[in-house]
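Visitor: Each chain, written out:
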Amino acid sequence: GAGVSQSPSNKVTEKGKDVELRCDPISGHTALYWYRQSLGQGLEFLIYFQGNSAPDKSGLPSDRFSAERTGGSVSTLTIQRTQQEDSAVYLCASSLVKLAGGQQETQYFGPGTRLLVL
Amino acid sequence: AQSVAQPEDQVNVAEGNPLTVKCTYSVSGNPYLFWYVQYPNRGLQFLLKYITGDNLVKGSYGFEAEFNKSQTSFHLKKPSALVSDSALYFCAVREDSNYQLIWGAGTKLIIKP
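Protein chains in written order, with the working numbering: chain C, 71 to 188; chain A, 2 to 114.
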């Protein structure tokens with residue numbers, strides 16, 4: 071079936087503008103994760119959804135960052151008043167269940183959104 | 002606290018030679034261990050994981066990894082490297098009681114013809 075999709079693939083914006091990034095998880099996956107990856111760096115956890123609720127928002131770097139998920143499917147990550155240090159690749163991943171062994175809990179990643187704040 | 006270490010920023014291997022990308026971890030409970038690969042300008046692709054059972058795990062593209070509990074390691078290996086294996090490799094771990102994956106910083110693998 072289709073994998074995780076993200077849009078836009080690239081976004082260039084001016085400092086101070088708001089941006090919305092979208093993630094479509096694999097159909098039926100209840101868990102959804104947002105990460106940030108700066109150039110040449112590892113993954114920084116941002117937020118985790120189980121269904122529509124976000125039990126862990128601890129990774130959001132500031133109150134300019136927010137995320138929502140509706141219908142247990144699509145998620146949007148919003149960055150308000152963007153700053154140059156927000157420039158990064160934003161990755162979304164989904165998995166079938168929250169806690170389990172076996173195949174179900176493997177996270178599958180989208181291609182990412184490359185954000186550049188000028 | 003959970004942590005993952007990939008001690009090598011970069012590994013250089015000649016095509017046809019065996020390769021090893023190192024990963025060590027620290028968790029309180031039982032570890033779930035993962036390897037992902039990232040090709041340039043692409044998202045992360047799942048390679049393999051260890052949950053339980055055999056310590057030697059086989060994954061995609063001919064890669065395998067060995068779980069060593071005493072050394073708290075999960076090194077990624079391949080018997081014969083290909084130029085197309087050149088990419089960024091990430092190790093990740095989570096405890097069996099925690100959903101959140103903890104990621105290593107990544108190791109850049111360069112395979113030279």
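For the record, the hints were derived by calculation from the structure and aren't laboratory data.
No experiment lies behind these values; they were computed from the predicted model shown.
Be aware that one or more of the hints could be misleading.
Stretches of chain A that chain C covers, calculated by requiring three or more beta carbons in the stretch to come under 8 angstroms of a beta carbon on chain C [claimed, not checked]: (1) 45 to 58; (2) 68 to 76.
Far from chain A, some chain C residues (derived; all Cβ distances over 12 angstroms) [stated by the list, open to error]: (3) Ser97; (4) Gln107; (5) Gln120; (6) Glu138; (7) Ser157; (8) Leu161; (9) Glu175.
Glycine included, C-beta positions come from ideal geometry on N, C-alpha and C.
Visitor: If a hint holds in the structure, say so; if it does not, say that too.
Guide: Structure-based check of all given hints:
Using a Cβ-Cβ cut-off of 8 angstroms, 6 residues of the segment 45 to 58 of chain A lie near chain C, which meets the minimum of three, so the contact claim holds. Using a Cβ-Cβ cut-off of 8 angstroms, 0 residues of the segment 68 to 76 of chain A lie near chain C, which falls short of the minimum of three, so the contact claim is violated. The beta carbon of Ser97/C is kept farther than 12 angstroms from every beta carbon of chain A, the shortest such distance being approximately 18 angstroms. With a closest Cβ-Cβ approach of about 9 angstroms to chain A, Gln107/C is found to fall inside the 12 angstroms limit, against its non-interface label.
Chain A draws Gln120/C into its interface by the beta-carbon criterion, the shortest separation being 8 angstroms against a cut-off of 12 angstroms. Distance check on Glu138/C: its Cβ is at least 19 angstroms (rounded) from any Cβ of chain A, clearing the 12 angstroms threshold; non-interface status holds. Distance check for Ser157/C against chain A: the nearest CB is about 15 angstroms away, which clears 12 angstroms, and the non-interface claim stands. Interface exclusion of Leu161/C from chain A breaks down, the closest Cβ pair being 6 angstroms apart, not more than 12 angstroms.
The beta carbon of Glu175/C is not kept farther than 12 angstroms from every beta carbon of chain A, the shortest such distance being approximately 8 angstroms.
Going through the hint list in order, the structure does not satisfy hints 2, 4, 5, 8 and 9.
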